[in-house]
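Undergrad: Put chains B, C and D on the given structure of chain A with help from the hints.
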Amino acid sequence: MHTGIDELLEKYWHIPGGLVPLLQEVQKVHGYLSREILEKIASGMGISLAKVAGVATFYHQFHLTPRGRYIIKVCMGTACHVRGAAEVLFAMEDELGIKVGHTTPDLTFTLDQVACLGACGLAPVITINDETYGKLTPGQVPKLIEKYREEAAVVH
Amino acid sequence: MCVVEVKGARKLMAACATPVSDGMEVLTESDRVINARREILRLLIANHDLRCLTCERNGDCRLQDYCYRYKVEDTPYKGEVIEYPIDTNNPFFIRDYSKCIRCGKCVTVCAEINGAYVYDFMHRGFETKVTSAYDDTLQETTCTFCGMCVNVCPVAALVEKSTLWAGRPWEIKKVTTTCPYCGVGCQLKLKVKDNRIIGVAADRSGPNLGDLCSKGQFGWDYVHSPDRLTDPLVKRNGKFIKVSWDEALNYVAARFKDILNEWGGRAFAGLSSAKCTNEENYLFQKFMRSILQTNNIDHCARL
Amino acid sequence: MRRKVLVCGGTGCVSSRSREVYDALESELAGRGLGEQFELKYTGCHGFCEQGPLVLVEPEGYFYCRVTKEHVAKLVDSLQEGSVYEDLLYKDPDTGNRVKTRNDVPFYQKQKRLVLKNCGLINPESIEDYLNAGGYRTLQKVFKMSPDAVIDEVKKAGLRGRGGGGFPTGLKWEYARKARGDKKYIICNADEGDPGAFMDRSILEGDPHRVLEGMLTAGYAIGAGEGFVYIRAEYPLAVRRLDIAIKEAREKGFLGENILGSGFNFDIHIKQGAGAFVCGEETALIESIQGNRGMPRPRPPFPAVKGLWDRPTVVNNVETLANLPIIFDMGAEAYAAIGTEQSKGTKIFALTGKIKNTGLVEVPMGITLREIIFDIGGGIPNGKKFKAVQIGGPSGGGLSAQHLDLPIDYDSLIDAGAMMGSGGLVVMDEDTCMVELARFFLSFTRMEACGKCTPCREGNTRLLEILERIVEGRGELQDLDLLESLGHTIIDTSLCGLGQSAPNPVLSALKYFRPEYEMHVKNKLCPAGVCKALLSYRIIEEKCKACGLCLKHCPVGAITGKKGEPHRIDPEMCKKCGECLKKCPFGAIVLAGGDGFGQGQSDHKRNHVSRTQALYNLKSGGRERH
Amino acid sequence: MTNSINEILETDVILVIGSNTTEAHPVTGYRIRQAVQNGKKLIVADPRKIELVKYADLWLRHRPGTDIALLNGLAHVILRDDLWDKQFVAERSEGFEEFKKTVAKYTPERVAEITGVEAGLIEQAARMYGKAEKATIIYAMGITQHASGTHNVMAVANLAILTGNVGRPGTGVDPLRGQNNVQGACDMGCLPNYYPSYQPVDDPHVQSNFERFWQAKLPQEVGLTVTEMTDAARQGKIKCMYIMGENPVLSDPDGNRVVEALQALEFLVVQDIFLTETAQLAEVVLPAVTFAEKNGTFTNTERRIQLVRKAIDTTSSAKPDWQIIIELAQKMGHFWQYPGGPEQIMEEIARCAPLYGGISHHRLEKGGIHWPCPTPGHPGTAYLHADGFARGKGKFHSVEHVPPAEEPDEEYPLLLITGRMLYHFHTGTMSRRSHLEELRSEELAMMHPQDAEAYGIKDKDRIVVESRRGKVTTRVQVTDFVPPGSIFMTFHFKETPTNVLTIASTDPICKIPELKVCAVKIRVPFPGQARRHPESFSCH
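Residue numbers (my numbering), protein chains in the order written: chain A, 1 to 156; chain B, 1001 to 1303; chain C, 2001 to 2626; chain D, 3001 to 3540.
Chain A with its partners taken away, still in its complex shape (with noise of 0.2 Å):
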């Protein structure tokens, strides 16, 4: 089930600091960090569980809980901001229905802000998984959003 954590933790476990990089590569493979996988990653490393939560949940990155099929990340940026980043936001919110660092139940969207995506010439700038979308409005969300539920309709 949690394929590769011991391949990472062979990798890992005797580099000081290590498990930083351990964590990253292993959410890489599966989205997000479960309390299973993070037990196994203590055990694995020698350390405790305890520890490697607050690593866990002291970074940005770190998800532990899973996470939808579309990564939806509103720049917050200083430049976005007072372009009306904070206007898009909240327009994502009212579609998805769900709060900022929220994930819809069915697993599709997740709703994210971020410190800035450094695109800042594009402001107010967000992404979905890989692709960027800059100078949005608000009025753009609901088109947008319906592309992907239906993309995400097509594959099901």
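Honestly, the hints are just simulated from the structure, not real lab data. Please read all numbers here as calculations on a predicted model, not as lab measurements. There could be a bad hint or two in this list.
The list that follows gives simulated cross-link-like pairs (lysine-lysine, BS3-like), each with its CA atoms no further than 27 Å apart [as the list claims (entries may be wrong)]:
(1) C:2091 with C:2004
(2) B:1239 with D:3331
(3) D:3494 with B:1239
TA: For chains B, C and D alone, kept in the frame of chain A given last:
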């Protein structure tokens, strides 16, 4: 709270972490320092369950002590106060994180002294919490219930169950004594109220330097066990019958004398106790040797 | 000489689909059999993100903006003909004239691109390109000098840390060189967390070898054998290019053992950050590399003495390191001639916000804000007025029009209550509410505090709550004093740079925009028209023609009215979305200031505070203050 | 202990042998872990995978009962590799040549064969201990409770003398005493061969001194040890026993024999705080009080004498043991008067026990004092043998490996190891009447997964453990804590009186019983059923 003013430094320094250097001029109670401490206290109590009226640590609380010392009566910051559910799942102490000030002492003692690594800082920012992974009950963790986290907690975030509603801190007498369990000889303070032990506090004077294990910290309640022997017992027709001290001792003395007269000292043997005091052991061997005329004395030294 | 076609591959242009342009160009050129004649390159950032995707044709310097794949066929036509594709040239918004070459674009004219010299001109994934541009040449020079001489040179150049604090780089190195340790480390801090700053990313994406060259120089100077680049995982492109650069540098012998025959051994590894703003702080960064929560530790001891794995460690930021090849190329004296008395060289700013030319600019220290914002940045769009500029991100401060002629350097900014920070420059116009902006920054720092020390963890939350109150029209006048006193305490008592600078946006705004705060509190008005709670939409009866458009578009049904009579907005139901105002063809709907609710509830509390104050001032039983 | 507990933090190398410190002496366990955290080296020699193994640099998993071979093997390598302290051996020891000859036979290869520890590991451990500037050896009942217990201890001491690790801070040979006042009870002369302060009972000069001091005639011959008493009682030679605060039915080996012995007595008096398994056999039971209800002193494992202070009044008619003894003496017609209570008794002790010569309750108010403390002005002695050994020179004892008295055979194929666990203490008289019982309320015999599989036993299954002397039932915990071929049980639970299994064979010198090892067999009471419904047993 440990901020001090160092002359020439741009900002206040943490006294606990700043190495002293030659010629350093340190002000520990300057106006600037006092104002900073007051402000920090106001911030702490702004996110603290302030139901001090019935708090177990009322009167024995570092947060209260400092608020009093620096005359912080109230906080101007009325905002979000995070309330956490109280964990009462383990037999010995409760965890009430609405009273936690996130000092991290429990993390340190658990990791650096005990080595159980049960606690750590979780999350970050305002939501930072000092707890076990996933807020697990302690039975689900590597906790050994040494209780040292309870003893270092400066507030009422970790409180022994046995002291709950058992008495106000100022009514509790603390008696330093020696732990009755293993041979390390830890010093501890028995908390006593109304002639009952209600808990144990750390004592730094002994070989344990204030540290304890589960037995020393929580293993004292046998003292109040209903199974305790209360009266001398004499077996008659295979059944124990309560008798008076006089009756019991007279009977024992008479039998001892009879056997001594009939068989001499060699017919006696005595086991003294590695759990009794030196004074008692001394008297016991003196009794066996000088009165019962035997050197057949031993105890479970070898067990 | 082959002509070059350089397509910008910086994150900004990539987001605007520059890859499609590149691919289309590639196949178009190949299809026409022109692959040999033209050298097509996918480069790092050109800086002028506003106009992306950008394509530059060398040697002519034709500068094409907002290129899409639909333009490609005609673009290749022009290449073939050797002509200019007029429609894609940059159009000066003031004069409407087309500008032919990059150097003629006002955005570039006042810049002094030293660190960014190669960005946009070389292929960042090719060490050959870097070498051809003169890369790694300074190493020969450095390795012939003694480490102490290298440090002296950096001191002479007057280089200061570009990551924020402006600590003299040479001095930092000297501490680390003198500190004892069996191993020493160089860490390149590429954890660029400031929202609104992306200069480090652009350097790493556009010219990664320059950073490696800088790290090698630093490593040689302090005697380190290993270096780490701590980079945000949110910068996948930069990570990938850096990874390629490190591999190439190893192959070419610029990393590894006995580099260039000097006997100096050095290798570099990438450590990806996991998303924590506080890890930009050097001690938190070190904790993070060690696999812990990125919680800062008190300094001293400084990392230069006791850093990674308790060994002497120099943490320098990307831009600082990227400056080193310049210093050793032009010499310390020539370098020191650029800039001001105390701040030497250039500084890169990320120019964003309400500004025409969003992008990355590199300017000499000492340039004025006016020059950056108006000459390079093209001023404020839509004819709005300049209001403020936020320098240094959430740790910096907002400066007002009175500072426009301030020559920018480390010290002048600190004096003005801001800080250089990593160099984010966010421009605000009259539509920006300074209270709301401060609230925004605090909502960021509140999330990002590591949670270790009380003033930062609790204090920033309280600052935020006070600002929220003000923004929502529940503010009281004494809240402003509270903001000030709490802000100063947080700065004075926090452990690390995050806490020590978090209140800056509030404090500087209070200093320069106090009237705006007072308007919010006293009059319950938001002059910029941003704070919703302080606004109400109203229909001017005389102007209303009862056309029903507003009624139709109101999403919550807050507007009522019959044909022929003026409509009304129910203030209770209104969500203040502004749709009606946009839709009204007659200008009958206006935005008006607040209705003043929330006043007069503070009397009791004020008494209370003064009572506390009175009690405090009393000398109590036997123990006096001091 | 020759040195004090907190000196562990100052040492460079710690060798822990036969001590599950973190469970039996947790606070000492903390110190060892802290030392390791501060970069000190740790060698653990134990058949069991104890907690400390996690922190150890080296773990020597030797077979139970092969300690001497292992220790001699370490000495062999230290001599061979020239890591011994020549000056110390020359100036402060004797018997070296013979010792050298003895350990010469213990080559790493031979030791590997006896102990099951790889030769390379033995060499590494020897070099680690031998090269250390300061090294300490910590041991407990895992060393002493063997038929060869005395020799085991000597082998430990040899190693310390050989490397000069005696008489300095952070060095030494540190046995951890199992109970709070074992040290004190020994110091007080509750031994068949010593008066207080280790003055031999068969020394006529000493005897006449005590006769004068106590104004009584005293017996001459050395008395019987606890295991000998059991035999003598069974044979009818001993008619009467007076037992104060002990529970030999559970704590002593071969428990069934102990019960027989006690039942054979004419008169048994037991003085205790609870009606223990032993007290139930008595004719008269005298109720005593707990540590919280009396004053006095305990002496800990590092020879530190510390006050016990009365915290509460007794609510029943129970009395402190000292008071009961005094009253009994008076009833016997002796004029014992101690109106000053324990404080006055300590004054008397100080006058007859030179090691305690400077001790008084008044002094102890300021904190514990390590004996020897001969005079009121003496500061106490944190570490022994600074200026020389008690007997002049440190003696090397040449000791040889002897197999345990009872080894597994075809009929009894498993090795039983006994010991303590964290949450309970001794026979559970105290700890099982506290909330600690909620953490653990029954015996769990630990068994290696390999063995469990061979027997078809799963975690929490109920089994019967049987030796030549008795049988008990217990549930099982399957864990690699124990090595294959052995099971580990505690003696805390009266429902599973483990000591009915153990053997009463004793060390010929000090008469310590071989509690640590004996041979047992196990069986599943309801085979098949147990495997189908393991949880049906969990509700007992």
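Undergrad: Could you tell me which of the numbered hints above are not met by this structure, giving the numbers in increasing order?
TA: none
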